[in-house]
Amino acid sequence: NKVDILNPHKVDVIAAIREMTGGRGADVCIDAVGFEPERSLVDKLKATINFEKGSIKVLEMCFEAVRRSGTVSILGVYGSPYDNFPLFRIFDKGLTIKQGQAPVLNYIDKLIELVKEEKVVLDDIITHTMPLSEVSHAYKIFDKKEDDCVKVVLKP
Numbered sequence: 416n417k418v419d420i421l422n423p424h425k426v427d428v429i430a431a432i433r434e435m436t437g438g439r440g441a442d443v444c445i446d447a448v449g450f451e452p453e454r455s456l457v458d459k460l461k462a463t464i465n466f467e468k469g470s471i472k473v474l475e476m477c478f479e480a481v482r483r484s485g486t487v488s489i490l491g492v493y494g495s496p497y498d499n500f501p502l503f504r505i506f507d508k509g510l511t512i513k514q515g516q517a518p519v520l521n522y523i524d525k526l527i528e529l530v531k532e533e534k535v536v537l538d539d540i541i542t543h544t545m546p547l548s549e550v551s552h553a554y555k556i557f558d559k560k561e562d563d564c565v566k567v568v569l570k571p
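Quick note on my numbering: the sequence shown kicks off at 416 and runs consecutively.
A portion of the hints provided could be inaccurate.
Have a look at the derived ranges for each label pair, beta carbon to beta carbon [said to hold, decoys possible]:
(1) L547 / I523: 14 to 24 Å
(2) A517 / S495: 14 to 24 Å
(3) D539 / K425: 19 to 29 Å
(4) V530 / P501: 36 to 46 Å
(5) V530 / K472: 26 to 36 Å
(6) R439 / K531: 43 to 53 Å
I should point out that these hints are in silico values taken from the structure, not numbers from a laboratory.
C-beta atoms are modelled at their ideal positions from N, C-alpha and C, and glycine is treated no differently.
Whenever a hint applies, use it, and build me the whole structure from the sequences.
Written as structure tokens, this is what we have:
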């Protein structure tokens, strides 16, 4: 078993996967929802006029990179509907799609305890703290990734 992480800013991911697998494709591709590649001007325009809020470019790359009868795993949540979802690729290649959300309520009490005990440090992901009254601004900078925003904590 081999795991490779490819940086799409440095290599043509699809070509690299094809080369590594003798043209077959990856057994499994994982879309860890949340980090989008550079978006095209058309994608940005769609978002601006509210046709589509996000992008499924990474998911589309997974469908292209995975082998026939392979598996695409989606970790996280796509919160918006998308036009022209490539359902035909799933059927054409006989793909298995695995997705789901973590059962957060099962873990939240223990996680809060670990944070209070400073056994888990959140400084690298919580980049902004704002009062609840600034919720609109918080969502704006989070959505647009302004000011290197990763996560915002809203305080009542």
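What are the numbers of the hints the structure violates, in ascending order?
The structure breaks none of the hints.
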